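**Student:** What follows is each chain in one-letter form.
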Amino acid sequence: MQGKEFEEKNAQRWAAYEQTLDALEKRAQGVDVSGLPSMFREICTDLALARHRMYGMPMNERLNTLVIRGHKIIHRRAGGTWEKLLRFMAVDFPVAVRAEWRLLLVATLTFVLPMLGVALAGFYWPDFSWVEVVLGPEMMGSLDNMYGSSDRQIANLRAEYGSNFMMFCHYIMNNIGIDFRIYAGGILACLGSLFFLFYNGIYFGAVIAYIHVACSTEAFYTFVAGHSSFELIAMVIAGMAGLRIGLGLLNPGRKTLRRSLMDAGRRSLPLIFGAALMTFVAAGIEGFWSAQDLPPMVKYATGITLWVLVIFYLAFAGRRAGGRSRAA
Amino acid sequence: MVVHPTMPKNNGRQEPRLDTLQSIELAEGVEIHLRMAGPYVRVLAYLLDLLIRGGVSIGVGLLLLLAGTILGFNVAMGLNMLLSFFLMFFYYVFFEAGKRGASPGKRMMGLRVVDTSGAPISFGQSFVRNMLRFADGMPIPFYGFGLLSTLMTRRFQRLGDLLANTVVVYDRLPNLHMAALPPVLESRAPGVPLTREEQAALAGFRERGGMWSEARRIELADHASDLSGATGVTGMTRLLGMAHWLGEKH
Chain L
12 MQGKEFEEKN
22 AQRWAAYEQT
32 LDALEKRAQG
42 VDVSGLPSMF
52 REICTDLALA
62 RHRMYGMPMN
72 ERLNTLVIRG
82 HKIIHRRAGG
92 TWEKLLRFMA
102 VDFPVAVRAE
112 WRLLLVATLT
122 FVLPMLGVAL
132 AGFYWPDFSW
142 VEVVLGPEMM
152 GSLDNMYGSS
162 DRQIANLRAE
172 YGSNFMMFCH
182 YIMNNIGIDF
192 RIYAGGILAC
202 LGSLFFLFYN
212 GIYFGAVIAY
222 IHVACSTEAF
232 YTFVAGHSSF
242 ELIAMVIAGM
252 AGLRIGLGLL
262 NPGRKTLRRS
272 LMDAGRRSLP
282 LIFGAALMTF
292 VAAGIEGFWS
302 AQDLPPMVKY
312 ATGITLWVLV
322 IFYLAFAGRR
332 AGGRSRAA
Chain R
173 MVVHPTMPKN
183 NGRQEPRLDT
193 LQSIELAEGV
203 EIHLRMAGPY
213 VRVLAYLLDL
223 LIRGGVSIGV
233 GLLLLLAGTI
243 LGFNVAMGLN
253 MLLSFFLMFF
263 YYVFFEAGKR
273 GASPGKRMMG
283 LRVVDTSGAP
293 ISFGQSFVRN
303 MLRFADGMPI
313 PFYGFGLLST
323 LMTRRFQRLG
333 DLLANTVVVY
343 DRLPNLHMAA
353 LPPVLESRAP
363 GVPLTREEQA
373 ALAGFRERGG
383 MWSEARRIEL
393 ADHASDLSGA
403 TGVTGMTRLL
413 GMAHWLGEKH
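Listed in order, the protein sequences are those of chains L and R.
Numbered by our numbering, the letters in the first sequence go through residues 12 to 339 in order.
Numbered by our numbering, the letters in the second sequence go through residues 173 to 422 in order.
Chain R on its own, in the form it takes in the complex (with noise of 0.2 Å):
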């Protein structure tokens, strides 16, 4: 029996999926994809995030120094704490709910918070998200809880994303690295009718498959040794021809 992909199954829960796009329904009618951000990247972005916040902290401060004796002292000193105070809990906040989406180390690393529906996030959900900071933060400084949390959901949450409803989702044009490899002698059709994603996988195996070694490519196919039922190169080559003939159908 085929099943139609958008007839819901198991209670409406999702199948898993074959990558970490997320599809998302708009009210015009047609789907958009997400490119969720994992844990890894955004590490990076927070620790570029801590450099920022460590140097204008310590560069204005000096700056401030200087005008305490101008200023006075203790105002220089009270403009210090409100600072270190905005830093702490406002930066992140400012930032996300900003028309960027993103706080500047998200944003070189080319990452940006959106709602789950895909719009850009209101300064409330912005605020929930960055004083969970304090929650995903513990045990300090491992980021303990936040990085259960973003393991255990299927769209990378942290509980402040959980919260707020929020997702961090890659911003920029993915650079696609492509080269397709020559089409094969052989086109052959699959032995079971396909999913239109796994049809997908399949071409994008073939349009990125010059990228990579031989080797690297028969370890893939194997994953499709079900499909094509055979291991090794005759397993790719069948693959390509499954590619193949999926392309000239259409």
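Chain L on its own, in the form it takes in the complex (with noise of 0.2 Å):
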């Protein structure tokens, strides 16, 4: 009964090892971890001789567990969110964005197209079938009801206590929803992102087209003056994330596939996080600042500068320390 001997022989000191990580799993403090790693690195020898010596499957099942809540104990990662958080919005996420220009490129001309096109055709031919079948009437009766008329439609419609807030929640909630649907429709071979872009391209032009034809264009634009920069640009790199992951599927190059999955992955996720976090500003700006009834230069003052602000973000943030991580 070698198996047994050796049981006993180190029970003691599997015991000890095990009452070290029962504490530290219940995140007790005080506990001595001095010992720790030579503890962990003796069981690992344990369990390499008894699965040698074929000491049966009880003892390496026990041993096998005794190893794997160790590794994950020694091998817990560090902190510091909030640090990383700061770094990533000033410069991990507009070095991804433009080390991916060509993908950007590829989901703003998916996106703008269909959109010029459709509003230009709504513009020269002011034929409302097309856009009545894009839309439907039930987002016409709501488009009248926000942008009809040039007489404050939409801080009336939030003069109630809270509107504002609730506006919000909805954006965050249908917005960022879009955001990852955009991204998780690229894993089928690009398709679903360039869909969606595609989709809300020709949605957004329709729109735009029956505005200029049937409502006010001043409390349309006015209202969206704001917001616009960071819901669109998210919108679009949401896509980009998308193709990111699309293409790990469709061009794995000298990789295997799953090795190029996985780096599609991590590669599309500050694109992804960033997107996300843009589209929260933007479904704050739209819940409390675009109705506000300010004059109209104000409003178009506020959003050409934020347009401005954002492309200039993108383009040159983090440009130095960039460099500087992708040197070290």
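Honestly, the hints are just simulated from the structure, not real lab data.
Being a predicted model, the structure only gives us computed values, none of them experimental.
Built from N, CA and C at the ideal position, the CB exists for glycine as well.
You can take every hint at face value.
Among the chain L residues that face chain R by a calculated CB cut under 10 Å, a handful are:
(1) Leu58
(2) Asn175
(3) Cys180
(4) Leu260
Straight line, CA to CA, 25 Å or less: simulated SDA-like cross-link-like pairs of lysine to any residue:
(5) L:Lys37 <-> L:Thr76
(6) R:Lys271 <-> L:Glu94
(7) L:Lys37 <-> L:Lys83
(8) L:Lys83 <-> R:Asp287
(9) L:Lys37 <-> R:Ser289
(10) L:Lys310 <-> L:Leu320
(11) L:Lys15 <-> R:Met350
(12) L:Lys95 <-> L:Arg330
(13) L:Lys95 <-> L:Ile85
(14) R:Lys271 <-> L:Arg52
(15) L:Lys15 <-> R:Gly413
(16) L:Lys83 <-> R:Gly270
(17) R:Lys271 <-> L:Asp33
(18) L:Lys15 <-> R:Phe377
(19) L:Lys15 <-> L:Glu29
(20) L:Lys95 <-> R:Tyr263
Combine both chains into one complex, guided by the hints.
**Tutor:** Structure follows, in structure tokens:
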């Protein structure tokens, strides 16, 4: 009964190790961890021995579990969340967007071309049957409701207590949700992301055409000026993240498919995180600022400033720091 | 020729294995075995999570409706939307990136999400694997792509797992119902050299044999009739003899 002997000889050591693990897993304070690494290595050796000598499944399983638990504790990841978040916004996100400029181009065109096409077609042939097909009578009704005339309809809709907050939450749920779906759709060989971008392009184009023909353009543009930069650019970046994972599937290059998918997942992360953050900011602006009853010039000036700031941010932020981390 | 089991073969591709255990070598030089969780138990965990999310959604929704009389109806409705947003997108992300590495449903089924190296997963990995649920889940409600991918990969990974480099494993020690068979009279050397994995399978057969009916033992032993050179009771007795011989030797 060599297995029994082995177990008896080491039982005390294993129990001590297990006690330390129990304490650490319960986040107890003041645990003496100085001996943990050496205890861990010893138990690793025990597992290797037990397996080699075939001491039987119960002991192997027990030691296997003990090693896995120790591995998890020893290789726990360190914190530093806020610092990471700050660095992400200042450096990693804009650097990632610039590194994928080809995808930025593809995603932007997939959204902007159909939007312009439909909007221009709406100006030149104001025949509404097809706008109706895209928007549907319900949406047209709600557009009339919001932008039908220039006498502060939106501000009135938001006069009730708490409605700004409610709309803020609605935009978070709706718009960030759309970003995430655009992203996930990318794994279907890019088709999901491209479809959502294209479809949104057509839809927005139809909205613009309808507004220009049937509603007050001032009511519409003063409302969207503030949040449009964050919202639209974030949507395009979510599309980029989707395209990135789709390309991991379509074009593994010289890597194995498994490896290629893994890398694509990692590279898409900063893009989709950034897109979600930007959409969150957009929801804040849309909920609490866009509907304020202010002079149109103030709204337009804010909107243009934000567009310029966002573009400058994505074009230039983190250039030096990003270069340094690459050189290091 | 005896090929050493750790020698790379077939361009680094692994040989088909006898079981679904995945061995992973740690920096400490030892191999750990992870037990991969298959689709069936994961579907159960998913359904549990669905129930929990539904319950929370209804329960907190009702509370918010009450709170709405104080906070104002619009604020309560906004909070309710935030709640559904978090339940839909971040329920799994936070739980699986957390200390236990598993959503409540997975925990109840004794599952856990880990990196393919066996280490706990990062927030980013949890985010990727759970955002991809919306692709894995299509065509709704069958989890078609996810199921297909799970069945086609060696480690039961759905698309989200492949992108995040994660696997779902059994976290707890499996309930080992073991009852060894009494040693057989005739110890017998196997006719061919056996790999360690094959030796372990024979030893396991003897260690667990007491749990099964005679018919089941014979049925299992028939899979190794090439080794024993016989089927039925004779084959099984020979296999047990070999297991005994291997046990004696060490």
